[in-house]
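**Student:** Place chain C on chain L using the hints.
Number of protein chains: 2
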Amino acid sequence: MDPGSALRSARDDGAVSEIAENSDRQSKGSLTVVGLGPGEAHWLTPAAQAAIEAATDLVGYDPYLARIPAREGQTRHGSDNRVEIERAGHALRLASAGRTVAVVSGGDPGVFAMAAAVFEALEAGNPAWRDIAITVEPGITAMLAAAARTGAPLGGDFCAISLSDNLKPWEVITTRLKAALAADFVICLYNPISKARPWQLGEALALAATQRSPETPVIFARAVGRPDEALRILPLTEAVEAAGTADMATLVMIGASTTRLIAREGQRPYVYTPRSVTKSPCVTSQGRT
Amino acid sequence: MDPGSALRSARDDGAVSEIAENSDRQSKGSLTVVGLGPGEAHWLTPAAQAAIEAATDLVGYDPYLARIPAREGQTRHGSDNRVEIERAGHALRLASAGRTVAVVSGGDPGVFAMAAAVFEALEAGNPAWRDIAITVEPGITAMLAAAARTGAPLGGDFCAISLSDNLKPWEVITTRLKAALAADFVICLYNPISKARPWQLGEALALAATQRSPETPVIFARAVGRPDEALRILPLTEAVEAAGTADMATLVMIGASTTRLIAREGQRPYVYTPRSVTKSPCVTSQGRT
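One line per chain: the protein sequences are L and C, in this order. Positions 1 to 289 (the UniProt record's numbering) are the ones given, in order, by the first sequence. Positions 1 to 289 (the UniProt record's numbering) are the ones given, in order, by the second sequence.
Excised from the complex, chain L in its bound form (with noise of 0.2 Å):
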């Protein structure tokens, strides 16, 4: 009988009790963090395709585990979005047992998804852990994808900010955004608004308005490559007024002061910023404010 065999159908925490933890540091377990990028399988790796072949337990929100054809012999543990310490301990726990563990995340794992929670829990956890083998297989980041349906508005320098203040106080990201916007970035905004955090992007976008024109395009890109894929360029003052249109699939773009519009007869424009700056982006900030 294989060290997890016990885990076979197991879908919650509770079941992993029956493991042995540590009991053999040579175990062939290991776990890859797997992203698989936004939407449809055609934006998803060969590489990452190939993790989630070879696992035994795939773990991850239920919604991503959804996303991936049913495999005999292969278990999944599926759970609710907000507990990505505990899924990242129980990743680790079946690796550590054993088991060819594939996280699943959307998008990239790197980018305010699993990976750094699997490393968070790896430092906080068993020490025997740190003998798991640990890959983490990079996917196409919601950013890059709503940037390509777009055109190339990514043409400049950019950063990406979580909206998420669950885990960072408000202060820290408004500071971010201050300095992302006199430096004019464009500016990325990951977990825009949920229920419970209803007018963080409104505030946001209030604020870029104080320091960009009012024509500066925003994107919001809405579940890009799926079936319910929306995305709607509005000027910035427009972006404002429609900040509770936006949701958590939604990745929201600022442009930057050089941002631009291609229009185009009965079609959605073109968005770019074109790859040359000859302004300083302190005199503009300075200019506006």
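FYI, nobody ran anything at the bench for these hints, they're computed from the structure. Wrong hints could be hidden among the right ones.
[Claimed, not checked] Cβ-Cβ distance ranges computed for the label pairs, FRET-style:
#1 167(L) - 264(C): 37 to 43 Å
#2 81(C) - 81(L): 32 to 38 Å
#3 128(L) - 41(C): 54 to 60 Å
#4 171(C) - 41(L): 42 to 48 Å
#5 280(C) - 210(L): 18 to 24 Å
#6 86(L) - 70(C): 47 to 53 Å
#7 63(L) - 230(C): 53 to 59 Å
#8 231(L) - 235(C): 26 to 32 Å
#9 280(L) - 41(C): 37 to 43 Å
#10 41(C) - 210(L): 18 to 24 Å
Ideal Cβ positions, reconstructed from N, Cα and C, are used throughout, including at glycine.
**Tutor:** What follows is chain C alone, placed relative to chain L:
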């Protein structure tokens, strides 16, 4: 004879002048800017692979074209690294003449690569080009691959800055670096150094050393995913000294104040940035300046 057959063996812009531009506004030409990802094919998405296979013409910097297996009936238009706008115009002319063109780019085409150049050429060029169906296929960009290989250094807010001052003044770059340091972003430096720009990376790292702890982890990730991959994790003080060892194939990542190492016996430590932030970046920055 199909409209593009004269181009089958064309390799430079000279031959393209043979094409009657805009002879058919209903031509079925198309242009896809394709991200090859870093390194080997296991990080190439199926969508990017399909775009490459469907193309009649591949346009790109020679080393990127060299990564694509030859295909009968497919013409390659290779060029030097320094001619992005000319290359983009060439690709648009081919598409306008009815060809199915793939412009290939390393990593993600939207991040300091060919997508912005294509839209710049489109905006400045023949108005008929706006009828061309243009698609961007995203790819794994270098910072995601470098992050995946080393742990989860992008677990918190981050920015990406091109250190090339070919298209923007050095003053703009240092303004952005200072803002990113003060706001405690993890900082990804693209195009860190070249023969023509030998001192910029050293200056950027020295600037970082005035703001961040000497022990801040700095990643030099060279040619990730290729046979000559080389990864180094250095404390900031040593990274300043080692700047000259980077090259154009290197992605340099400067940790935030919260970025940490997890030691492993006999192996490179993992690098990760916890998702939680407790201190204000302003306070941190003021405390060190």
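**Student:** So, for every hint listed, does it hold in this structure?
**Tutor:** Hints and how they fare:
no. : hint                        : verdict
1   : 167(L) - 264(C): 37 to 43 Å : violated, 26 Å
2   : 81(C) - 81(L): 32 to 38 Å   : violated, 43 Å
3   : 128(L) - 41(C): 54 to 60 Å  : violated, 36 Å
4   : 171(C) - 41(L): 42 to 48 Å  : holds, 45 Å
5   : 280(C) - 210(L): 18 to 24 Å : holds, 20 Å
6   : 86(L) - 70(C): 47 to 53 Å   : holds, 50 Å
7   : 63(L) - 230(C): 53 to 59 Å  : violated, 38 Å
8   : 231(L) - 235(C): 26 to 32 Å : violated, 43 Å
9   : 280(L) - 41(C): 37 to 43 Å  : holds, 42 Å
10  : 41(C) - 210(L): 18 to 24 Å  : violated, 47 Å
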